[in-house]
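Number of protein chains: 2
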Amino acid sequence: MAHIIAVDIGGTQIRTALFDSNDANPRQHRRIATHAEGEDPFERLAAAIEAILPPQGADVISVAAPGPLDPQSGIVFATPNIPGWVEFPLGAKLEQRFHIPTRLGNDANLAALGEWRYGAGQGYHDLLYLTISTGIGGGVIINDRLLLGARGLAGELGHITVLPDGPLCSCGQRGHLEAVASGPAIAAYVNEKLAEGRASILQPGHLTGRQVAEAARQGDELSREAFVRAGEYLGQALADFLHMFNPSIVILGGGVTQSSALFIETLKVSARRHIMDQNFLKDLVITTATLGDNAGLIGALVQGQLKLEEK
Amino acid sequence: MAHIIAVDIGGTQIRTALFDSNDANPRQHRRIATHAEGEDPFERLAAAIEAILPPQGADVISVAAPGPLDPQSGIVFATPNIPGWVEFPLGAKLEQRFHIPTRLGNDANLAALGEWRYGAGQGYHDLLYLTISTGIGGGVIINDRLLLGARGLAGELGHITVLPDGPLCSCGQRGHLEAVASGPAIAAYVNEKLAEGRASILQPGHLTGRQVAEAARQGDELSREAFVRAGEYLGQALADFLHMFNPSIVILGGGVTQSSALFIETLKVSARRHIMDQNFLKDLVITTATLGDNAGLIGALVQGQLKLEEK
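Protein chains in written order, with the numbering used here: chain E, 6 to 316; chain Z, 6 to 316.
To be clear, the hints were calculated from the coordinates, so they are not data collected in a lab. Mixed in with the good hints, there may be bad ones.
Each pair may be met inside one copy or between any two copies, as identical chains are not told apart.
Derived lysine to aspartate or glutamate pairs resembling DMTMM-like cross-links, with alpha carbons at most 20 Å apart [said to hold, decoys possible]:
no., residue 1, residue 2
1, K273, D170
2, K287, D75
3, K287, D25
4, K287, E92
5, K98, D45
6, K312, E201
Take these sequences, add in the hints, and give me the full structure.
Shown next, in the form of structure tokens:
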């Protein structure tokens with residue numbers, strides 16, 4: 006029985022789990038904060054792996070990490086919430102420490118793999134996964150294979166320009182989908198309108214997408230408008246993705262997706278209004294993710310399984 | 006020696022050619038007008054195939070056609086310049102007529118295959134091809150395989166929305182790349198500005214992209230501005246495509262691409278301004294197509310070769 010160590014590195018939490026290679030229920034599981042005063046995130050990560058490593062070792066370490074990275078070389082180019090990790094050779098450092106073959110993948114890419122094998126995408130061969138929370142990430146499966154591209158950077162669906170010269174994105178450019186339809190972008194829109202004097206049950210200040218979603222459920226007009234606006238841009242981007250990839254299923258993950266039915270309805274209507282030919286929508290399934298917070302970890306498991314199957 | 010009949014169906018011309026399966030120089034070649042008073046385009050196509058069909062027959066007929074179509078079922082959903090071809094079973098009709106296995110592909114998709122095997126893309130595994138003329142089409146090769154998608158509709162790169170609520174596109178929607186950066190779109194922009202009273206060496210009326218390119222070369226300010234504007238939107242779309250596919254080479258075909266160096270320079274600067282991470286541009290080759298008008302026909306040849314290699 007082969008063993009897989011799956012790792013999901015988030016901005017606030019690092020999760021590690023030990024899996025039997027054919028079982029999605031972990032034998033061991035750890036969850037720690039990514040950051041602690043005066044500690045190196047890599048050392049914290051290594052300790053969380055050590056804590057679940059069986060005496061006989063494991064066959065592969067498979068890591069899901071945010072931000073652009075190179076799966077071939079194992080280099081993290083940049084990661085939003087770990088400022089020290091720039092051109093960081095995470096794969097090599099883990100192999101050096103544990104002497105176990107290590108594979109690295111973008112967390113949203115791997116979540117797509119997770120949904121494909123264990124979640125909402127089971128049985129589909131051409132899948133598009135989009136996760137919408139504090140950021141927007143994506144993963145594309147074509148003919149049962151994860152799209153990686155020449156340097157492993159493909160599937161950055163959150164950085165499609167939907168509004169030229171629009172709001173500033175986390176990446177430094179303007180008008181990307183993430184800057185218009187992520188949770189913080191929805192909250193920023195409401196804040197902006199509140200500052201202009203619009204009526205709402207919300208007060209200006211440190212708003213979150215979650216608060217706006219709750220206000221929208223209570224019927225707050227401005228909050229509903231904010232979700233409709235985000236849904237419209239998301240539908241526009243979705244039509245673009247359909248034109249590019251022509252998937253048979255679209256899976257929507259992340260907190261924002263779960264927070265508002267209005268959002269999903271709007272995005273469907275908007276996609277229809279931007280699509281060049283209705284055949285792209287024929288028999289297309291649009292659904293929500295089923296793996297929730299486990300998507301990255303389960304995705305890392307699947308990446309590990311695929312690595313073992315390669316042999 | 007296997008024989009391939011390659012067909013390229015354009016709005017104004019139909020081309021047919023007989024190839025030995027491993028040779029890109031045709032043994033026979035025909036070129037006829039697509040339309041003739043009182044004649045059925047399918048019958049004209051069949052006659053152009055008959056004219057080059059050797060006595061012993063051929064192993065495959067491989068057809069490049071414009072517009073959304075389903076390569077699996079051989080159905081053309083719609084084709085811009087042949088109004089009667091709606092949900093048209095072109096593949097089945099050709100097989101019925103000639104009793105030869107027939108394969109259908111989108112012309113821009115196949116041009117990508119042509120450039121990959123015989124043109125500017127030789128030796129590259131992850132290729133993005135974009136053709137810009139009266140329309141904008143595309144083709145994407147991932148890991149040496151043409152991206153088709155679930156229903157064969159993938160790679161419609163000209164229908165990405167670059168300007169929400171922008172000009173009307175040939176497909177009926179608004180603000181697509183084709184509606185902003187194709188030859189007719191560039192000419193329409195100049196016409197619009199002329200109508201507003203802008204100075205130019207051009208006169209308002211039936212302008213073409215070619216005329217605007219010539220005026221730009223002569224230093225006409227408005228014409229230069231029109232190409233810069235188109236190049237900026239194209240660069241924005243190119244950044245989107247890089248985020249999606251992360252290719253190692255981008256090949257630009259079509260008359261508009263050839264017509265203005267200004268256009269290519271502008272699109273490179275614009276892509277850089279929209280890209281989320283400079284690693285997408287590292288070692289990326291951006292170049293022009295080398296197969297010219299033969300791209301569709303040579304692409305059909307390659308599709309035929311791949312069909313034979315499958316066996």
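Evaluation of the provided hints:
1. K273 <-> D170: between (25 Å within a copy, 17 Å between copies)
2. K287 <-> D75: between (35 Å within a copy, 13 Å between copies)
3. K287 <-> D25: neither (39 Å within a copy, 39 Å between copies)
4. K287 <-> E92: between (43 Å within a copy, 14 Å between copies)
5. K98 <-> D45: Close inside one copy (13 Å), not across copies (67 Å); limit 20 Å.
6. K312 <-> E201: This pair counts as neither: shortest intra-copy Cα distance 54 Å, inter-copy 62 Å.
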